[in-house]
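Q: Each chain, letter by letter, is given below.
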Amino acid sequence: MTNQQEYLYRRVLAGWGLLALGAVLFAAGLILQLLFVVPFNARIVSGLGIFFVVLGLGRVMRYRTMRSNRQAVARLINEKHDERNHLIRGQAGSRAFWVSLAMTYAALMWLSFASSGSLPIATPDGLWYYLAAAVIVPFIVYAGSILYDEKYS
Amino acid sequence: MKNHLEEMRDHKRLTQQDLADLVNVSRQTIISLEHGRYNPSIILAFRLARVFGVAVEELFIYSEEENHD
Numbered sequence: 000m001t002n003q004q005e006y007l008y009r010r011v012l013a014g015w016g017l018l019a020l021g022a023v024l025f026a027a028g029l030i031l032q033l034l035f036v037v038p039f040n041a042r043i044v045s046g047l048g049i050f051f052v053v054l055g056l057g058r059v060m061r062y063r064t065m066r067s068n069r070q071a072v073a074r075l076i077n078e079k080h081d082e083r084n085h086l087i088r089g090q091a092g093s094r095a096f097w098v099s100l101a102m103t104y105a106a107l108m109w110l111s112f113a114s115s116g117s118l119p120i121a122t123p124d125g126l127w128y129y130l131a132a133a134v135i136v137p138f139i140v141y142a143g144s145i146l147y148d149e150k151y152s
Numbered sequence: 000m001k002n003h004l005e006e007m008r009d010h011k012r013l014t015q016q017d018l019a020d021l022v023n024v025s026r027q028t029i030i031s032l033e034h035g036r037y038n039p040s041i042i043l044a045f046r047l048a049r050v051f052g053v054a055v056e057e058l059f060i061y062s063e064e065e066n067h068d
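Quick note, the sequences are listed as chains A and B, same order.
So that you can map any letter, position 84 of the first sequence is 83 in numbering that gives the first Met the number 0, and since no number is skipped, the others follow by simple counting.
So that you can map any letter, position 11 of the second sequence is 10 in numbering that gives the first Met the number 0, and since no number is skipped, the others follow by simple counting.
No lab work stands behind these hints: they were computed from the structure.
You may find that some hints are simply not true.
Said to hold, decoys possible - Taking lysine-lysine pairs in the DSSO-like style, the calculated list, with each CA pair at most 30 Å apart, reads:
| no. | chain 1 | residue 1 | chain 2 | residue 2 |
| --- | --- | --- | --- | --- |
| 1 | A | Lys79 | A | Lys150 |
| 2 | A | Lys150 | B | Lys1 |
| 3 | B | Lys11 | A | Lys150 |
| 4 | B | Lys11 | A | Lys79 |
| 5 | A | Lys79 | B | Lys1 |
Looking at chain A on its own, in the form it has when it is part of the complex:
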């Protein structure tokens, strides 16, 4: 098996894995919803299953259609190992990491001061929005950084 075939084989296999995981989660969600009383909405599990099925199906279709096009596979592998891409992603990851660290540190400081009465105690809703932002903002920084560097570097 050549490197290209092995690369494709592994990608397709990962796609099938995601598809299987999605199917299992979808079925588990349905079973939980219909047969058991659970303290959460079982549709979350089914929804996650559908997400994985779509992701897996996309991967399987994308990489299976590439099997007959050796040049496309070679370019895909080149893209993956491209040193400039690695640099851009590394820098984006670093920026996102520092933003994430700063946001987590700010939350820690707030809670510390709040416990001593210097600042108001965070409400559960406020904390939820802040934690959601702590997930989304670093991702935006990561994606934005990649887009910027792809264009200007």
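Got chain A sorted already, so can you dock chain B onto it with the hints?
A: Coordinates of chain B only, in the frame set by chain A:
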């Protein structure tokens, strides 16, 4: 870093994608190199020089002023 990549590529009648395929990088990397926006690794510099059959110094122009900290 300035370079003669575009002239040499044109001279060899290669497209950016052809050159990218020859040195195993993306076309975007070749574009960035040609515009002087990206400095290649030593390995990529040697690969490119080998494609054109020249020394690395003939392909890339190192300038002390441009690269001082």
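Q: Are the hints correct? Go through all of them and say.
A: Hint check:
1. A:Lys79 to A:Lys150: holds, 18 Å
2. A:Lys150 to B:Lys1: holds, 19 Å
3. B:Lys11 to A:Lys150: Distance ~27 Å between Lys11 (chain B) and Lys150 (chain A) Cα, so the pair holds.
4. B:Lys11 to A:Lys79: holds, 27 Å
5. A:Lys79 to B:Lys1: holds, 26 Å
In this structure, every one of the numbered hints holds.
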